[in-house]
Structures are given as C-alpha cells and as structure tokens.
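Read top to bottom, the protein sequences are chains A and B.
Residue numbers for the first sequence follow this note's numbering, so the first one is 1 and each next one is one higher.
Residue numbers for the second sequence follow this note's numbering, so the first one is 1001 and each next one is one higher.
Just so you know, these hints were derived from the structure itself, not from any lab.
Just so it is clear, the structure is predicted and the values come from calculations on it, not from any experiment.
Beta carbons: idealized from backbone N, C-alpha and C, even for Gly.
Keep in mind that the hints are not guaranteed to be accurate.
To be verified - Here are the simulated EDC-like cross-link-like pairs (lysine to aspartate or glutamate), alpha carbons at most 20 Å apart as the crow flies:
no., chain 1, residue 1, chain 2, residue 2
1, A, 297, A, 114
2, B, 1286, A, 114
3, A, 48, A, 66
4, A, 299, A, 114
5, B, 1286, B, 1105
6, B, 1092, B, 1105
7, B, 1036, B, 1224
8, A, 48, A, 265
9, B, 1092, B, 1154
10, A, 299, B, 1012
11, A, 299, A, 177
12, B, 1131, A, 265
13, B, 1092, A, 13
14, A, 297, B, 1105
15, A, 188, B, 1012
16, A, 61, A, 44
17, A, 301, A, 184
What the hints assert, rightly or not - Short derived list, chain B residues pointing at chain A, Cβ under 8 Å:
no., residue
18, 1017
19, 1026
20, 1117
21, 1224
22, 1277
23, 1283
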Amino acid sequence: MNTTTQKGMFGKEYAWRGIAVLCGLFVIALTLVIGAFLIYKGSDTFLKFGHTLWEFLGSAKWHPVDSAEGGGAAGALIFITGSLVTCGLALLIATPFALGSAIFMTEISARFGEKFYRPVVEIFAGIPSVVYGWVGLTVLVPFIRNVFDRQVGHSILAAGIVLAVMIFPTITSVSADAILAVPDACRKAAYGLGSTRWQTIRHIVIPAAAPGIISGIILGLARAFGEALAVSMVIGQTTALPKSIFSTTKTLTTEIASQMGNAMEGGELKSALWSMALLLFLVSLLFITLIHYFTNKGKAKAEGGKA
Amino acid sequence: MDKRIQRARRADRAMTGIFYGIAAFFFALLLAFTGKVIIGGLMGASPEMFAFARQGAIGNQLFNTVYLVFISLLVSVPLGVFAGIYLAMYAKPGLFTRFLRICIETLSSLPSIVVGLFGYLVFLVFMGMGKSLLAGALSISILTLPLITTTTEDAIKGLPAGYFQAGMGMGSTRWQAIFHVLLPACIPRIMTGVILAAGRGFGEAAALLYTTGSGSSLRWGNWDITSPTSPLNVLRPAETLSIQIWNLQTNAQDAALANLASAVLLLLVLLFNIGANAWSRHINRKNSGEKA
C-alpha cells in the first residue's frame, strides 16, 4: 500500500468535504443575514420613529417625512389593501382557467397535454415580468380605457389581469403534477361504478389532488405578491384607497420600487419602506409555512390516514 | 333513473367541451402574446436601433444583460453546485439539514425586489461600490442560487445507487466517487438548471433597479478594465434590457424602442428555456435507453 497516495486521497476528501459544508453554511448565513438586515432596517419605523404596529398596518395616513427627524404618519394600509386586492383578483381570474388547463392536459387529452401543452405552459412561466408589464401597458390599458369608457385605463383590473396571466403557468403545472399523482386505481374504481369522466374528475380526482392544487395556488399567490415592476406599469400609482376595480392605487412592491431611490438614507420615509420590505419577507415566510402544511396534509391523505 | 344518467352524460359532454375551450383559449392567448411581442417588436424597429450606441439602440443593453448574467453565474454556479453536493451526499438527516432546506426555500420564494433592496444595502451602502454591474450580478446570484442548489441535489439523487456504490466498492473516497463518477454523470442535468437560471436572470428587473443603475455609454475597443466606459469593466453602471424597458416606460415614450427591447428579451429567454427543455428531454430519452 502506498501510504502517501492514501494520505493525499483522504486529505482531498476532507478538503472538498469542507468546501461543500462551507457552501451549505453560506446559504444558511445568507438567509439569516437577509432576514437580520430587513428586521434591523424595518424596525426603525417602530423603535426610532415611534410608530405603533397598529398604525403601520391599520391606518391609511401615509405622509412619512423624508428626513431623520420623523414626525410624519406611516400608515401602510393603502399599499397592503392594494396588494391584497390585486392578488385576490389575479387569483380569481387565474385559478379557474389554470385548473381547467391542468385537468385538460392530464385527464382529457393526456398525450397532447404531456407532449405539447405542458412544455408550452412551462416555457411561458419564464417570460420576464417587465415584458408582461409592457404589453399590459401598451395593449391592455388602452383596451380597458376604450371598452369601459374610463378616463384612464390604468387600474386594479389591469394589474389583476397582468398578474393572472403571469401566475397562470405556475398554478397550471403544479396542479397538473398533483392530479397526475392521484393513483389510477381511484379513477378505475370510479369508472367501474359507472361514473362519467366529469363525475370522476369532480368527485374523485379533484378532492384527492386538492392539497397539491392549493399548494400551486399559494405558489402563484406568492409570485403575484412579490411582483413589482409589471404591476407598477399598469396600476396607475396614486396614493389612495381603491374604491372599485377601476381605481388606481399602489401596492407594497410598487411603492418600494418607486420611492426607494428618492428617499434619504436613515430618514423616516426610508424606514417605512424598509418596514414594508420586512412585511413582504414575513408574508413570503407565511406562504412557505402554508405550502408545507398542505403538502403534509396531502401526504397524510395519500397514506390513507385521516386528513 | 334514465333521466339521471342522461343528465350526467350531458354534463360530462358539456364539461369536456368547456375544458377544450379553456385549453384552446389559453393556447391561443399565449401564442398571440408571443407573436405580438416578437413580430410587433421586430416590425416596428429601424436598423439603427440594433446599433451599439449610447442612446436609441439596444446593442449595449443586450451586451450588458448577457455579461451581467454571465458574471452572476460565475458566483452562483460553484456555490450552488457545492451546496447541492453537500445536501445530496454529505448532509445527515437532522436539525441542521432541515434548517438548510428551509433556508433554500426561503431564498427561492423571496420577492425579487426584496433581494434588490438587500443588494443595494450590502453592496452599495455598506461596501460603497456605487451602482454597478457587479452589485447587480451578485444580487441576481442570490436569486439563482436556490435553483442551482436544488437542481444539483435532484440530479445527484436521481442517479442509480449503483454509481456511488461501484465507486465506493473500488476503494475510492466519497469525494473521488462524487468527482469522477457522479458529477460527470449528472453534468447535463445541472447544465439544464444553469440554463434555466440564466433565463431567469435575463428577465430580472426589480432586483437590478437599485443595484446596476442606468448607464449605457460604452466605448467599444476600450478594453482597459478599469476605465468607466470599457465594456468589460464590472464596476460601471450597466443598463440591462429589462431595466431599459422600465426606464423607457417611465421617462421617454419611445414605444418602438421598448417594443424592440421586449421582443429581443423575450426571444433570448424563450431560446434559453426551449433549449433547456429540449436538452432535458433528450437526456431523459437517452437515460431511459431509447435511441437518442
């Protein structure tokens, strides 16, 4: 046995193993640092400028001062409402269509779906959001202005439609995976009892795939919630609570995108914007927890336990 | 009884029709969307828009986009691949590994504007870089890191157990088995992940808004890497295609130019995504033993 080669061999093993562990540690450190920075920057609104959490979440008075003295009002309710309404509308539009497409490509036309429809849908998941925003601005906004006879076409409706088209591929492909995972025996049993295809889909396949479908919807929601530029192009950017789906308003992300560059470092406005970024971070954590909850529920269901 | 069956049959036929309708509608919508962006963008363009000029053209922006994504991959690929190797081969089940997975998931679901703000804070405010291509590239690296990590892990775990066992049976160390057997076998799969990551990087705008700035004055032929107008300098501001579209819609209204930029950006992303898709299909066929 040549001991020097062996020594080199094990030396290398430990060295490379060390590098792999370091990279794993780096990912953890990066996440923690991002979280820590957001908390550190976002807490100034409450600690340094003395705004209450209730004021931040529940008040629509948004006049933060762009200086370190503070004394303005930092109620982010307008942006929170804007985000919720646009994402809710996007989900309302996208979910039925996405579910229909997912069922079409798995249950109704499986060969065509697998070979052609799914690749196309997946490719569309990668279309940059600015392109969606730009097309929304040049096609959808004039369209809404003419059809509904409004003064401006920029509106929550436009933002909802743009987001719906954006998240449609995500919901479709995750739901299709969930539907494919339903065991074939379930379908055969249903057909054996004399069900039609629609009865099988409605009473057997969709309930069995429900946790996966909900995960897909939450993933889509998360993507819509974090989208900034496409929404700012079409939502019209006025600081007011929306009155109808034709109102112009702002969302958390659009306000951050438009104000962050102008705000003074260490000022009240900037702190309030950081608090909004922190809120976005917390909401995305919430979405992850929800997805975990539903995935576990789906697993329990598949194993035949009570779910 | 007969009526119920008839009703069920009618409902079945109606729903089948509706599903076909939905599928056809979205298929048409997606095709119309790309058709409009690509054909509309290219038709409305004039030849000088393709030039590498300071204003009114997309050449410099296209170069910036590709260069920025390249730099970001230089950082995120090694980090992501090693983290993936760690997860697939070295990690023992336990609290640490579970926490690492949660971290990766958190990173992958971060809104890109939050990543952009983080990049702005760390690279610009704390490290004093100034708006630069490098700051933007590093922000994009944060966005693509989780994707590359999970693809690598899945690729290694997807290999038959025999690969690793044979390596170990020959008396190799873990690392030798990884480096000489497992990695070569899953490089095509990892490449697919990298291509997808590049596609995501090309289209990213929110993360770059506060990190790269909007400079596009390059002097071609100036290869001095420290000069602010050299194309290769990573510390200069660099406007990418996506930021260009954003700027055009907020400032000037040169719609034809923005249309062209959208068309080129979309083509670039589609090319990469379709490429990745076709490649992974090819690998799957090859691995499942059919003639490829």
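Here is what the structure says about each hint:
1. For the suggested pair residue 297 of chain A and residue 114 of chain A, the alpha carbons sit about 27 Å apart, so the restraint of at most 20 Å is broken.
2. At roughly 18 Å between alpha-carbon atoms, residue 1286 of chain B and residue 114 of chain A fall within 20 Å of each other, so this suggested pair holds.
3. Distance check on the hinted pair: residue 48 of chain A and residue 66 of chain A sit about 14 Å apart at the alpha-carbon level, within 20 Å; holds.
4. Restraint check: the Cα-Cα separation between residue 299 of chain A and residue 114 of chain A comes to about 24 Å, which exceeds 20 Å; the hinted pair is violated.
5. With a CA separation close to 31 Å, the supplied pair residue 1286 of chain B and residue 1105 of chain B exceeds the 20 Å bound.
6. Restraint check: the Cα-Cα separation between residue 1092 of chain B and residue 1105 of chain B comes to about 18 Å, which is no more than 20 Å; the hinted pair holds.
7. At most 20 Å may separate the alpha-carbon atoms for a hinted pair to count; residue 1036 of chain B and residue 1224 of chain B exceed this at roughly 41 Å.
8. With a C-alpha separation of about 14 Å, the suggested pair residue 48 of chain A and residue 265 of chain A falls inside the 20 Å cut-off, and the hint holds.
9. As the CA atoms of residue 1092 of chain B and residue 1154 of chain B are separated by approximately 16 Å, the hinted pair is consistent with the 20 Å bound.
10. A distance of roughly 30 Å separates the Cα atoms of residue 299 of chain A and residue 1012 of chain B; the hinted pair therefore is violated under the 20 Å criterion.
11. Between residue 299 of chain A and residue 177 of chain A, the direct Cα distance comes to roughly 14 Å. Compliance with the 20 Å bound is thereby established for this hinted pair.
12. With a C-alpha separation of about 15 Å, the suggested pairing of residue 1131 of chain B with residue 265 of chain A holds against the 20 Å cut-off.
13. About 17 Å separates the Cα atoms of residue 1092 of chain B and residue 13 of chain A, which keeps this hinted pair within 20 Å; it holds.
14. Between residue 297 of chain A and residue 1105 of chain B the CA atoms are separated by roughly 19 Å; this keeps the pair inside 20 Å, and the hint holds.
15. Taking the CA atoms of residue 188 of chain A and residue 1012 of chain B, the gap is about 17 Å. The hint holds against a cut of 20 Å.
16. Proximity of residue 61 of chain A to residue 44 of chain A is assessed by CA-CA distance (about 18 Å); at most 20 Å being required, the pair is judged to hold.
17. With a C-alpha separation of about 16 Å, the suggested pair residue 301 of chain A and residue 184 of chain A falls inside the 20 Å cut-off, and the hint holds.
18. Given the 8 Å rule on beta carbons, the hint for residue 1017 of chain B is violated: about 10 Å separates it from the nearest Cβ of chain A.
19. For residue 1026 of chain B, the interface hint holds, since its Cβ comes within 8 Å of a Cβ in chain A; the closest pair sits about 6 Å apart.
20. Of the supplied interface hints, the one on residue 1117 of chain B holds, with its beta-carbon coming within about 5 Å of a beta-carbon of chain A, less than 8 Å.
21. Proximity of residue 1224 of chain B to chain A is violated relative to the hint, the smallest CB-CB distance being about 30 Å (cut-off 8 Å).
22. Because the closest C-beta pair between residue 1277 of chain B and chain A is about 6 Å apart, less than 8 Å, the hint holds.
23. The beta carbon of residue 1283 of chain B is not positioned within 8 Å of any beta carbon in chain A (closest approach about 15 Å), and the interface hint is therefore violated.
Going through the hint list in order, the structure does not satisfy hints 1, 4, 5, 7, 10, 18, 21, 23.
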